[in-house]
Amino acid sequence: MLQWARRRLSLQALGSQSRTLQGGRRLLLRGVFVSCGGAARDRVGAASAREHGAPLSTAYGLRAVCSASPRDGDGAEKEDAAAAASQMDPSQALRRRAWERALSPLERVSRLIPDELLSKEIRDLRRVDPGETRQEDSPENSDSPPSQLPGPRGTAPSELRRDEDGMPVDINNKSSKDVPFQPGDLILAEFRRKNYMEFRCMQSLTALGKVRSNWGVISHLEIIGKLPGQMFRTSIGCQFLIRRPALEDFVMLMKRGPTISYPKDINAMLLLMDINQGDTVLESGSGSGGMSLFLSRAVGPRGRVISYEIRKDHHDVAKKNYRCWRDAWEIRQAEEWPDNVDFINKDISNAAEDMKSITFDAIALDMLNPQIALPVVIPDLKQGGVCAVYLANITQVIDLLEGIRTCKLSLICERVIEVTHRDWLVYPAKHKNGRLAERVEPQQNVDEEARLKEDEELPRQDEAVFREIDDVESLSDYVEPYGSVPYVARPYPWQAGHTAFLIKLRKYKVAFPDTVPDGNC
1 MLQWARRRLS
11 LQALGSQSRT
21 LQGGRRLLLR
31 GVFVSCGGAA
41 RDRVGAASAR
51 EHGAPLSTAY
61 GLRAVCSASP
71 RDGDGAEKED
81 AAAAASQMDP
91 SQALRRRAWE
101 RALSPLERVS
111 RLIPDELLSK
121 EIRDLRRVDP
131 GETRQEDSPE
141 NSDSPPSQLP
151 GPRGTAPSEL
161 RRDEDGMPVD
171 INNKSSKDVP
181 FQPGDLILAE
191 FRRKNYMEFR
201 CMQSLTALGK
211 VRSNWGVISH
221 LEIIGKLPGQ
231 MFRTSIGCQF
241 LIRRPALEDF
251 VMLMKRGPTI
261 SYPKDINAML
271 LLMDINQGDT
281 VLESGSGSGG
291 MSLFLSRAVG
301 PRGRVISYEI
311 RKDHHDVAKK
321 NYRCWRDAWE
331 IRQAEEWPDN
341 VDFINKDISN
351 AAEDMKSITF
361 DAIALDMLNP
371 QIALPVVIPD
381 LKQGGVCAVY
391 LANITQVIDL
401 LEGIRTCKLS
411 LICERVIEVT
421 HRDWLVYPAK
431 HKNGRLAERV
441 EPQQNVDEEA
451 RLKEDEELPR
461 QDEAVFREID
471 DVESLSDYVE
481 PYGSVPYVAR
491 PYPWQAGHTA
501 FLIKLRKYKV
511 AFPDTVPDGN
521 C
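Numbering (my numbering) for the sequence shown: 1 to 521.
Note that these hints are calculated values from the structure, not bench results.
It cannot be assumed that every hint is accurate.
[Unchecked claim] Below are the SDA-like pairs computed for lysine to any residue, each with C-alpha atoms no more than 20 Å apart in a straight line:
| # | residue 1 | residue 2 |
| --- | --- | --- |
| 1 | 210 | 253 |
| 2 | 504 | 399 |
| 3 | 255 | 361 |
| 4 | 346 | 331 |
| 5 | 226 | 328 |
| 6 | 382 | 371 |
| 7 | 194 | 226 |
| 8 | 382 | 488 |
| 9 | 177 | 332 |
| 10 | 312 | 264 |
| 11 | 264 | 504 |
| 12 | 226 | 180 |
| 13 | 320 | 340 |
| 14 | 210 | 198 |
| 15 | 408 | 427 |
| 16 | 194 | 384 |
| 17 | 408 | 506 |
| 18 | 226 | 331 |
| 19 | 226 | 188 |
| 20 | 255 | 356 |
| 21 | 226 | 184 |
| 22 | 210 | 185 |
| 23 | 356 | 368 |
| 24 | 226 | 255 |
| 25 | 320 | 247 |
| 26 | 382 | 222 |
| 27 | 509 | 399 |
| 28 | 226 | 214 |
| 29 | 356 | 384 |
| 30 | 255 | 206 |
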């Protein structure tokens, strides 16, 4: 009985050893497959080793031997790699490095292609790729942490992603032109239908916010992380264009206190004042802050804008809008918006003492009675400088010029203009069924009989001269049409009406008594 028990135990021991050997063979085959799949398959080999009773060091040693390439060296180098892998701590082997990532199926296949058949750009990408390292520089064969891989502005490889063309892009690189939407960013949602703008809305991105309209809803979570200038579908299937607002869009859609100065008029005033980088500009009438933003951009970080506002509520709205635009600009651009505007809640008529030590390059006035403030601000304007005035009614323009004449101010009225824009609608012509129309060549209705009679009456010499003239005119007037689809071009049915009159006043100094201008525009 005792002999039978000893024999049974010996048979069980032999069976366990055979199973261990079979597991090692299967593990060896899996190690060959792991070498083709990359670092992401290491955990599969380790799991197989635990399943078949093989130690982890043996599993990683087999992988190191199988993953070695004939180009890496001779058999001695393979043995050294296997020995180093066998001495590795299993906990270190199973730990996945933060700079490693799993390979996609396309990248696995690309690893099978020899380097000689790849282009220079692909080889450079393979060297830069943070998820792939060479066998001699891999973390398994080195005790020291890996050196930082090359990337934009020295960023960590985990912060790199790939765009549609496969090029590495740093998502935290502020200098990049393609910066995705982030919480706190300003967005502008637009919806067009049949060449007309049906919906425009500017919002600040939040985690719980939504873009609500009669054409559906879009959650802010769907927008965060995406690049601007993309089309998003609403809850009912309409396509909205989501982009970042320009300064003109922000001024038109920001929260208002008083009536704003329209961007078309502001741009004209900037041209009239001839503002350059580094200038010092005085503004009277902050309003909602639209003019202050344009002046801030025009003078640049080395310039300065001093804005006076007599009303406290308008003063607060202007400061809030200016701060909102600066915060949004800091998210979307590499550099900050210059903090070069000083908002002062004070009547400019009583600010003569505050401006004695300042010489302004230009002055912008947007107030009801600018002729009251001119005697206070003109002494601080540089010689030959321009003062641009924004007035809504022509009667205000008359009162301004009369005030200049009565007070005998050294100002010349150079121009009084009204800026008008006319929007046009240009689109391909379509039939009622929605299909594009085809271009039709113009038909000439000529009476053939009358033309033949005129040709018979003309002499031969005159006929030759007229034919030569007709050929020259036909060659000069004929232009081959581009494309086969005709277009419809007409003004929009509604247009922006009158907004303001702009007056350009220039400061002068009398050099001789007989050179005093009459002051007429």
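Status of the hints after comparison with the structure:
| no. | hint | verdict |
| --- | --- | --- |
| 1 | 210 x 253 | holds (18 Å) |
| 2 | 504 x 399 | holds (15 Å) |
| 3 | 255 x 361 | violated (30 Å) |
| 4 | 346 x 331 | violated (32 Å) |
| 5 | 226 x 328 | holds (16 Å) |
| 6 | 382 x 371 | holds (19 Å) |
| 7 | 194 x 226 | violated (27 Å) |
| 8 | 382 x 488 | violated (51 Å) |
| 9 | 177 x 332 | holds (9 Å) |
| 10 | 312 x 264 | violated (27 Å) |
| 11 | 264 x 504 | holds (16 Å) |
| 12 | 226 x 180 | holds (5 Å) |
| 13 | 320 x 340 | holds (15 Å) |
| 14 | 210 x 198 | holds (18 Å) |
| 15 | 408 x 427 | violated (55 Å) |
| 16 | 194 x 384 | violated (51 Å) |
| 17 | 408 x 506 | holds (14 Å) |
| 18 | 226 x 331 | holds (14 Å) |
| 19 | 226 x 188 | holds (14 Å) |
| 20 | 255 x 356 | violated (34 Å) |
| 21 | 226 x 184 | holds (14 Å) |
| 22 | 210 x 185 | holds (14 Å) |
| 23 | 356 x 368 | violated (24 Å) |
| 24 | 226 x 255 | violated (26 Å) |
| 25 | 320 x 247 | holds (15 Å) |
| 26 | 382 x 222 | violated (53 Å) |
| 27 | 509 x 399 | violated (23 Å) |
| 28 | 226 x 214 | violated (24 Å) |
| 29 | 356 x 384 | holds (18 Å) |
| 30 | 255 x 206 | holds (18 Å) |
In this structure, the earlier hints numbered 3, 4, 7, 8, 10, 15, 16, 20, 23, 24, 26, 27, 28 are contradicted, and the remaining ones agree with it.
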